[in-house]
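These protein sequence lines map, in sequence, to chains S and Z.
Residues in the first sequence are numbered consecutively from 1, following my numbering.
Residues in the second sequence are numbered consecutively from 1001, following my numbering.
Some hints here could point you the wrong way.
Cut-off 25 Å, straight-line C-alpha distance, at most; resulting in silico cross-link-like pairs (SDA-like, lysine to any residue) [to be verified]:
(1) K1019(Z) / T360(S)
(2) K1131(Z) / E1362(Z)
(3) K1019(Z) / D246(S)
(4) K1019(Z) / A247(S)
Under 7 Å between C-beta atoms, here's a sample of chain S residues computed to sit facing chain Z [as the list claims (entries may be wrong)]:
(5) A87
(6) A247
(7) F252
(8) Q255
(9) A270
(10) L274
(11) V279
(12) Q283
(13) V284
(14) T287
(15) W289
(16) W291
These aren't lab readings, by the way, just hints derived from the structure by calculation.
Note that beta-carbon positions come from the ideal geometry of N, C-alpha and C, so glycine has one too.
Chain by chain, the residues run as shown.
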Amino acid sequence: MSIIQILVLTALALMIGLLRRGRLYGMLIASVIVIYWLQPDVELFGSNRGFWLASATLALAVIGWFLTAAPETRSWRQNWPAWAAIAGAVLLVDVSRYAGLERLFGFVTPRLHLTVVFLAALLLVGLALNFLASRRSLLLGLAGVGIILLFVVIKAPGLLEWILLKAASRFGVDTDGGRVAFSWLGFSYIAFRLLHTFRDRQLGRLPALTLAEYVTYAVFFPAFSAGPIDRAERFVQDIRRPQPLDADGWLFAGQRFFVGLFKKFVLADALAFLALNQVFAVQVNQTGWMWLTVYAYAFQIYFDFSGYTDLAIALGRLMGVRLPENFAAPYLKPNLAQFWNSWHMTLTQWFRAYFFNPLTRALRASTSTLPVWLMILITQVSTMLLIGLWHGIAWNFVLWGLWHGIGLFIQNRWSEFVRPYASRWADSGWRQKALYALGVVLTFHYVALGWVLFVLPVEAVPRVFGILLGVAGR
Amino acid sequence: MNLSAFRHPLPVPARVLSKALLLFLAANLLFAWLRPPVGSLLLFRHAPRFPSIWEPALGAEDESGTGFRRVMISDLGLLFHAHEISSQPKARDEYRVILLGDSAGWGAYLLPEQTTSALINHMNLRTCAGKKVKVYNLSYPFLSATKDLMILSEAMKYEPDMIIWSFSLIGFTTERQKIDFVAENPARLKYLKETYGLKPEIRLAPHIDSFGNHTLIGRRRELNLALRLNFSEVMLRVLGTDEPRAVDDNARACRSPVMDNLDFRGFLPPADLETYANLDGLKIAARLAGNARLIYVNEPTCIQPGGRTGVRYNVHYPHWAYDQYRLTLGEMARENGWTYVDLWDYLSSSEFSNSIFHRTPEGEQRLAQKFAEIILEQSCSQP
């Protein structure tokens, strides 16, 4: 996002925060319009389809509500204003070109009747899902699998293009050179919010949410493109009883806003000049310089990501919503487990809740012969592997996930082994501090080396590691 | 007096905001009052040629295919602060030569040590009077006579003894006087118009030297460029070059045969030179140069296969326009007593890289030899 976009979103958040009534609807309408505003255009066989990708995001959120809505919040009377607000916002985006505002959006909006058909179809699908309420658990399971499959198709490079080309050739559609290039803004985050609500609904933990509350939660504009991934039951508390924008609120939001801007646009953007990339991987020959690029990348990704989180938290606070923290000084943690408890915390909490804990419970329950160390190895490696794949389905993310999974396992075993010796040796304040500092340095470097796997294609990695370790280059 | 009973009339956020605004205002006023040269913020100076900013770029922004995007700098102060010419005073026994020109003169796709200036400096030339010849590369990408005149007007502060200005026809066309570099130096343009009668090919909003122009806000672009240039220079140090691009052998400009097309930037024969170009900049350069020896060079261009017998020499120049230009140049030089060297076909097609102007290291070597001869010959005839 550019500074201008962030300033516009801030003004929007401020205006909504100052509303005495209808704040929820303000957030809903703003969030729907922002989905379209931020979505870059899509090149699909020579046509511009950005509008429809943003509409797909919205459709996922609306269908998610129809699937998860509790009986007491499902009535038409209760939800028609939300439906009208959503439809109105989409139609507003569509007709914006008649007011000469087409340049606001990165794509050409379709003809009005197509948008009306889309909204009607969405409503019909939702109502049809209502009639299948007795099979809700099955539908939620299928929807969860569908989201995961969609995730795989989107994240695996070339897979979607291959599928679309096959389909086009099967149905005789002109592919105009056969190029598919797009980025589905916010999909990674919305997918995980939806999966969370599907699973919690199955387990009976999801609170009853109206359409307005659910869609606002799923596409809440401050957290839409870069998180954090809030939990619905916590989010809805703030929606229903917004935090007052008092002096403390202003100061908190202002501080986080300016810190976020500084992190993103000063620190991260400056470090981007030096951060490890594919050019440096090939052209840098000296060990010292290569380490510099690795350090620069480690801090660039931190300041970039945590800067966006600060901005999201600030904007949320202006509207009375306390979004959860995503980072807690991760590079100052003395071991890998603590690092992962303080890096992209909402994502790791999500995986802990919906994968790690259930898998651990399942392993414990299914067999008594599996040794503890193997159980730890399986759960940690598989969890980190999935976190790696969340970033993209590619070998480098697999390696990055394995790097951290195995690192967590080794750290777990090593800590068990050295704990008695370490506690005996570190009997004074300075020794404890020295041990802590050593842990911080080691953890940071382990994480920094992991970023090499994260940022580079696999074939570029051996050369970089060789130069970093002084066995290649000069 | 009971201070604890005092209640500030403004709420806390308003107080924070008002203090921040006051501090920001004070910083702006102080900056405008002190007027520090932004160039002094540069961490890396003594560059053998003017720098540009290389920024990380992805996708469509990565035009050069290097993973970086090049941002040209149009701030003359910053350019000269970064250049070696400003880093030390002229020595008593130095014979100072500056080279003006475009990207070919700058040395696009060449390392600094492969450029004409570096090659001549490596020859350790001495003039007839025994002075050491030191050549400075003040060329900068884009063919534009007005851009070159702006650089020359600033370069005169550094007391050159000789100026070698390489140019080509495109640099005198109307559109090339409107490039960003020119538009972003309104004060310099105003100076050249008012003092030297530069024709107003480009119309900008009137430049007013106000107090506001010297505040942090007024100089934000300059500050932004200085900071980005610092980061870019660190990146280039990591790569060990100031030219991260390499010529793609498939993109050799001089390999493909030229097309039979009479067009020159929208003009067709029998258009007169005055309709598509203005050579008045040559006269202004002579006045700007003052007592320094000014050598005009019609820079080498590649003649594509079939170029000598067809209707075009190359992708840029049809015979009718380029011949007219060369003829006029020669006449102007004779009438005004200028030193003019026409090197238009001095290099063979194999000595050009990815454009009809950019040269290979071999081409650069041959040109450096020629320039060295010119420098020695002309410096010895200089009083």
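Pair hint K1019(Z) and D246(S), alpha-carbon separation not exceeding 25 Å: holds (19 Å)
Restraint check for K1019(Z) with T360(S), where alpha carbons must lie at most 25 Å apart: Cα-Cα ~54 Å, so violated.
Going by Cβ atoms only, is W289(S) closer than 7 Å to chain Z? With Cβ-Cβ at 5 Å, under 7 Å, it holds.
Is the interface hint for Q283(S) satisfied, with its Cβ closer than 7 Å to some Cβ of chain Z? With Cβ-Cβ at 5 Å, under 7 Å, it holds.
Does the closest beta carbon of chain Z sit nearer than 7 Å to the beta carbon of A270(S)? holds (5 Å)
Going by Cβ atoms only, is Q255(S) closer than 7 Å to chain Z? violated (9 Å)
Holds or violated: are the alpha carbons of K1131(Z) and E1362(Z) at most 25 Å from each other? violated (28 Å)
Taking 7 Å as the limit, does the beta-carbon of V284(S) come near enough to a beta-carbon in chain Z? OK, holds: V284(S) within 7 Å of chain Z, min 6 Å.
Was the hint right that L274(S) lines chain Z, CB cutoff 7 Å? Holds, about 6 Å.
Report holds or violated for the interface hint on W291(S), using the least CB-CB distance to chain Z and a cut-off of 7 Å. violated (11 Å)
For the restraint on A247(S), tell me whether the closest CB of chain Z is nearer than 7 Å. holds (4 Å)
Take the shortest C-beta to C-beta distance between F252(S) and chain Z; is it under 7 Å? violated (10 Å)
In this structure, the earlier hints numbered 1, 2, 5, 7, 8, 14 and 16 are contradicted, and the remaining ones agree with it.
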